[in-house]
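Kindly produce the complete structure, drawing on both the sequences and the hints.
Protein chains in written order, with this note's numbering: chain A, 1 to 233; chain B, 234 to 356; chain C, 357 to 440.
Treat the hints as calculated values from the structure; they're not laboratory data.
Hints may contain errors.
Stated by the list, open to error - Derived lysine-lysine pairs resembling DSBU-like cross-links, with alpha carbons at most 30 Å apart:
1. Lys352(B) x Lys381(C)
2. Lys107(A) x Lys28(A)
3. Lys83(A) x Lys338(B)
4. Lys227(A) x Lys381(C)
Unchecked claim - The calculated label-pair distances, taken between Cβ atoms and stated as ranges, are:
5. Arg157(A) x Gln302(B): 42 to 52 Å
6. Asp350(B) x Ala16(A): 26 to 36 Å
7. Ser191(A) x Glu307(B): 24 to 34 Å
8. Arg289(B) x Gly183(A): 30 to 40 Å
9. Glu29(A) x Ile362(C): 39 to 49 Å
10. Leu176(A) x Val368(C): 49 to 59 Å
11. Leu175(A) x Met357(C): 33 to 43 Å
12. Met1(A) x Lys433(C): 31 to 41 Å
All C-beta atoms in this analysis are idealised placements derived from N, C-alpha and C, irrespective of residue type, glycine included.
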Amino acid sequence: MLRNSLILILILGLAAIMLSIFVDYTPKEKLGPVAEHYANNGKEEVGAANLVTAVVVTYRGLDTLGEVSILFLSAAIIGFFLKIRNEEHSKNQIVIRYSEILGTGAKILVPIIILLGAYVFINGHLTPGGGFQGGAIIASAFVLMLIALPRPALNHRVLSIIESFSGLSYVIIGLLGVFLAAGFLDNQIMSLGTFGTILSAGAVPVIYILIGLKVGTELTGIIGNLKEIQNEE
Amino acid sequence: MQNIGIEQISLAVGFILLLIGIWGMLSQKNILKIIVSFTIFETGLNVILVVIGYIRNKTAPILDTTELQTNTAEKIVDPIPQALVLTSIVIGLGVTALLLVYALKMHKEKKSLLINDYKDTKW
Amino acid sequence: MIWIIISAVLGVVMITMSVVAIHHKKITIAILSAGGVSLIASILYLLLAAPDVALTEAAIGSGLTTFIFFYVLNKIKKHKHVEE
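This is the structure we're talking about:
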């Protein structure tokens with residue numbers, strides 16, 4: 001009881017702070033100086049029609065590299081924990097219940113969902129979307145495959161090769177920016193092209209395709225690891 | 234409060250979700266419930282961050298019409314908080330997955346999901 | 357005016373679902389409610405002129421997070437079943 005009342009006091013204090021912030025809140029009228037620079041010069045400097053993509057991939061590209069490494073790190077830790085558990089159990093074959101209709105439907109749907117994911121990350125610099133969203137859509141296609149098919153051919157070797165290849169290429173493209181353009185992860189190592197077409201914005205589409213492949217394979221790896229330990233017991 | 238708009242309502246919703254998330258994290262006993270509260274907390278935080286970048290009567294920062302390509306700064310909302318929230322959502326998934334696998338591991342050790350059963354590090 | 361009403365309704369639904377997520381006894385319903393909060397938050401992002409964030413929240417925050425929760429829950433339940 002004492003514990004609950006202490007929590008209540010803490011919540012009420014936080015609520016009072018938030019209420020004072022809420023009362024003082026005045027909506028923004030115009031952009032701040034940094035955002036104004038991005039908005040006015042983004043078209044010439046980056047060439048991406050989607051300004052959020054321009055900020056994520058080029059202006060704050062280093063943040064995105066850090067984000068991708070955090071995701072990689074958490075996938076690696078999850079794999080490590082689940083691998084130790086795997087070795088403790090003896091492998092015994094179990095019969096997985098499997099519906100014919102679900103399996104056939106999944107076989108038709110999986111390629112279409114993967115195509116949608118690829119569309120989302122290839123067009124990331126023109127329309128809403130990008131590498132992270134497209135990668136998540138591709139991972140959801142693999143989730144469908146893992147649920148619906150009896151023995152899904154999820155090859156962890158191929159997954160990890162794609163993942164390492166795209167991560168390495170991302171860093172190499174970033175380093176090329178140091179030698180060929182203004183700095184690390186600068187997108188002007190390729191020509192900017194015509195604004196608003198698919199081959200525009202220099203290296204931005206290439207980087208987003210690599211991020212999409214990396215995120216997709218990583219999330220698939222996490223879910224595949226969780227699935228495998230389920231099958232064994 | 235005469236010109237109340239969508240941003241005030243969203244800000245209030247974000248703050249309330251934040252408070253509900255903290256309440257859940259502190260008062261629940263089940264580890265899975267604590268992780269659920271954590272995801273609610275995160276959603277509230279993201280809503281607040283998006284509201285900070287919102288400017289009334291302006292469109293999304295996607296320059297797909299020629300009209301938007303001149304004098305851009307006066308026509309779009311702030312793209313920077315949106316980019317940061319994008320990062321935050323993806324990292325949130327990684328952190329949640331990690332928390333869940335830890336919970337699985339803990340359940341394997343003690344066969345219990347209640348936080349009161351873990352007294353090894355209590356002092 | 358119409359957008360204010362829509363966002364207020366969405367906000368009320370979100371708050372209700374989050375309270376359900378924390379106080380419901382069944383963990384399955386709690387997880388589904390948390391996924392619903394994320395899904396409605398993505399509509400709110402769309403109203404706040406952030407389509408990129410809305411797409412991310414719908415795909416990652418609402419979809420994959422719920423999937424991973426259910427995988428782990430299923431695993432824990434199987435474990436309990438073996439124990440009993």
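**Item:** Cβ distance range 49 to 59 Å for Leu176(A) and Val368(C), holds or violated
**Value:** holds, 51 Å
**CB-CB spacing for Ile362(C) and Glu29(A) relative to the 39 to 49 Å hint** = Violated - the Cβ-Cβ distance for Glu29(A) and Ile362(C), about 24 Å, lies outside 39 to 49 Å.
**Request:** Just tell me: holds or violated, for the beta carbon distance of Met1(A) and Lys433(C) against 31 to 41 Å?
**Result:** holds, 32 Å
**Prompt:** Are the Cα positions of Lys107(A) and Lys28(A) separated by 30 Å at most?
**Reply:** Measuring from Cα to Cα gives roughly 49 Å; hence the hint is violated.
**Asked** Range hint 30 to 40 Å: satisfied by the CB atoms of Arg289(B) and Gly183(A)?
**Response** holds, 36 Å
**Item:** Supplied distance hint 33 to 43 Å, evaluated on CB atoms of Leu175(A) and Met357(C)
**Value:** Given about 53 Å between the Cβ atoms, the range is violated.
**Restraint check for Lys83(A) with Lys338(B), where alpha carbons must lie at most 30 Å apart** = Holds, at roughly 12 Å.
**Request:** Take the C-alpha atoms of Lys352(B) and Lys381(C), compute the straight-line distance between them, and say whether it is at most 30 Å.
**Result:** holds, 24 Å
**Prompt:** Is the distance from the Cβ of Ser191(A) to the Cβ of Glu307(B) consistent with 24 to 34 Å?
**Reply:** Check passed, 30 Å falls within 24 to 34 Å.
**Asked** Between Lys227(A) and Lys381(C), does the CA-CA distance stay at or below 30 Å?
**Response** holds, 26 Å
**Item:** Arg157(A) paired with Gln302(B), Cβ distance criterion 42 to 52 Å
**Value:** Since the Cβ atoms of Arg157(A) and Gln302(B) sit about 47 Å apart, the hinted range of 42 to 52 Å holds.
**Prompt:** At the C-beta level, are Asp350(B) and Ala16(A) separated by a distance inside 26 to 36 Å?
**Reply:** holds, 35 Å
Taken one by one, the earlier hints fail for this structure at numbers 2, 9, 11, listed in ascending order.
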